[in-house]
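Chains as they are written, first to last, in this note's numbering: chain C, 38 to 165; chain L, 481 to 699.
Simulated from the structure, these hints should not be mistaken for lab results. Don't take every hint at face value.
Each pair of labels, with its calculated beta carbon distance range [stated by the list, open to error]:
1) C:N150 to L:E549: 45 to 55 Å
2) C:N150 to L:E596: 18 to 28 Å
3) C:A78 to L:R541: 51 to 61 Å
4) L:R659 to C:S128: 46 to 56 Å
5) C:G140 to L:A578: 28 to 38 Å
6) C:K53 to L:L539: 52 to 62 Å
7) L:Y562 to C:N150: 33 to 43 Å
8) C:K53 to L:M607: 16 to 26 Å
9) C:M44 to L:D586: 23 to 33 Å
10) L:R640 to C:M44: 44 to 54 Å
11) C:N150 to L:D684: 31 to 41 Å
12) L:D586 to C:E152: 16 to 26 Å
13) C:P88 to L:D684: 44 to 54 Å
All C-beta atoms, glycine included, are put in the ideal place defined by N, C-alpha and C.
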Amino acid sequence: MAVDMNMSILVVDDYKTMLRILRNLLRRLNFSNIAEASDGAAALQKLRKSPCGLIISDWNMEPMTGIQLLREVRGDAKLKSIPFIMITAESKSENIIAAKEAGVSNYIVKPFNAETLKSKMVSVIGDF
Amino acid sequence: MLADRVDAALRQPLEELESKHGDTVRTADIAEVVESMMATLKDDVSGADVAICAELESLARYIQQAKIEIAYRRPDQVKEQYLPAAAVQLDAIVEATAEVPHTIMDATETIESVMENSDGENSRKPMDATTRIYEARGFQDITGQRITKVVKTLQEIEERIDALVAAFGSEIEKVKAERPETEAKEEKKDSDEDLIHGPQLAEDAKSQAEVDALLAGFD
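All chains, please: the whole structure from these sequences, using the hints.
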């Protein structure tokens, strides 16, 4: 099934520059419907108002981290099926295992490039 | 009388000696009393006790020496001077790294918005270049997280030094009193090494205009 290029993507990061980087890279990949949140709690609030087609989230945020957001999303009947990509500098095995156990769809280690972002998105939502 | 000045346990044999010999006492009799006294002591302080006391005394001397040596290292200076200086430098890094990326991103987005309205190879290459810029900016986030870790480590060190200063406070005060030169730096001509302490923090740095004015003052 073809990917809906107009689907909403929620990008979650507490570092404003990273939000801009992701927004711009996603625009280069022809996705323009992009929402932003600066931590897990704000993201959850947005998601409960208006679910999206893909979540791309940082791990290390306060007060709610990316892994907590992931668990909340997977525990919410309305949100649990949304693909979730973690983009983080936390690259220890225990982090990856914890994210997988919490139901992460894919995992990108910072710093990353546009090619990696695209390939992980393709593996999660299909080719575009 | 001698018997009046000694322990009750020894009084009886001494009184017996005095009553028998007066002030003239035979060496053998003295030895007998001393042996009796030693036997009494053995009940109270064994050889092992004496050895432990000696060890404890040696340990106390070692601890005291260690306290003095630590005090001479002036842990209070680490807390009061070096750690705050490091924290200020890190704050400056965080501030600078927070501002500069936005300027770069603004410029990059401007280029991108112009190129979006162009077609062909002349447009594609600059667009690819802007993508490379976005990718490269990603390192900034990692740098911020690393600095945060360093700040946390410094806070941990500060807490431990606090405890050290509290424990060695009196020794440190003694050292400060003995070596006041460490409190007030002696006035001396800067060596080449002393002159290398940049980059300056914004509030400490001279502007180009100030540098020009300073140089002009030599004319």
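Check the structure against each numbered hint from earlier and tell me which ones fail, lowest number first.
none
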